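Undergrad: Sequence:
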Amino acid sequence: MNFASENFGLIWPRHVDGFITLLTSLRKAFGGDLDSVLILAVIGSAALPRLKLPPGLSYEEFVDGGDRDRFRSPLNTNSVAEITGIPRESVRRKLKAMEARQWIQRGPDGYWEIGPNGPSDLQPMTDLSLAYLSGIAEAIEIAKGRKPPVRGAG
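Quick note on numbering: this note's numbering labels position 136 of the sequence shown as 155, and the sequence is numbered without any gaps.
There's no promise every hint is true.
Okay, the calculated beta carbon distance ranges per label pair [unchecked claim]: (1) E108 - Y130: 18 to 24 Å; (2) N95 - I39: 20 to 26 Å; (3) L53 - P138: 35 to 41 Å; (4) G126 - R165: 29 to 35 Å; (5) S44 - Q124: 21 to 27 Å; (6) S44 - G164: 19 to 25 Å; (7) G75 - L53: 30 to 36 Å; (8) G164 - G63: 29 to 35 Å; (9) N97 - W31: 33 to 39 Å; (10) K166 - P106: 28 to 34 Å; (11) G164 - G126: 41 to 47 Å; (12) T103 - F38: 17 to 23 Å; (13) G50 - K71: 28 to 34 Å.
Keeping only pairs whose Cα atoms sit at most 30 Å apart, straight-line, the calculated DSSO-like set for lysine-lysine is [what the hints assert, rightly or not]: (14) K47 - K115; (15) K115 - K71; (16) K163 - K71.
These aren't lab readings, by the way, just hints derived from the structure by calculation.
Given the structure is predicted, the values throughout are model-derived calculations rather than measurements.
Glycine residues also receive a C-beta, built at the ideal position from the N, C-alpha and C atoms.
Please take these sequences and the hints and turn them into a complete structure.
TA: So this is what it looks like as structure tokens:
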């Protein structure tokens, strides 16, 4: 068994409650288009590739840091379609709609990146994502005995 299955009763409810809240809010923010959520997540992942981020980087340090391009990995429309499994033409249409909202843009190299309105327009979704992750992290801390459980918390 692994840690999550051994602590299922503590971790699972926090995951489900947080995931439902996050997914419902994302669906609303994207007009019901969860494929666009997935596409933007892939573009965001290219902006913050997990193998390039310093492990101790905080969200505030990332937001305040001026040299975010050092993290970015190139990503084109074909790559987004391959990663998501969404047909290329659908990806192209959805990218165009997000580009019109300035949530994404093509960088000087022609690859997709987060646009000027993306961070501000989607800040509530980022906040919900961080709350979701914090809830799971807190459950892990409780399970490891590093933090006392809060009475009534799921």
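Undergrad: Hint by hint, say whether it matches the structure.
TA: So, going through the hints one by one against the coordinates:
1. E108 - Y130: 18 to 24 Å: Given about 19 Å between the Cβ atoms, the range holds.
2. N95 - I39: 20 to 26 Å: 33 Å, violated
3. L53 - P138: 35 to 41 Å: 21 Å, violated
4. G126 - R165: 29 to 35 Å: 41 Å, violated
5. S44 - Q124: 21 to 27 Å: 24 Å, holds
6. S44 - G164: 19 to 25 Å: Hint violated: Cβ distance 32 Å, outside 19 to 25 Å.
7. G75 - L53: 30 to 36 Å: Holds - the Cβ-Cβ distance for G75 and L53, about 32 Å, lies within 30 to 36 Å.
8. G164 - G63: 29 to 35 Å: At 34 Å between Cβs, range holds.
9. N97 - W31: 33 to 39 Å: This hint holds: roughly 37 Å between Cβ atoms.
10. K166 - P106: 28 to 34 Å: Because 45 Å falls outside the window, the suggested range is violated.
11. G164 - G126: 41 to 47 Å: 46 Å, holds
12. T103 - F38: 17 to 23 Å: 19 Å, holds
13. G50 - K71: 28 to 34 Å: For G50 and K71 the Cβ distance comes to about 32 Å; the hint holds.
14. K47 - K115: 19 Å, holds
15. K115 - K71: Given that 30 Å is the threshold and the Cα spacing comes to 28 Å, the pair holds.
16. K163 - K71: 28 Å, holds
In this structure, the hints that do not hold are numbers 2, 3, 4, 6 and 10, in rising order.
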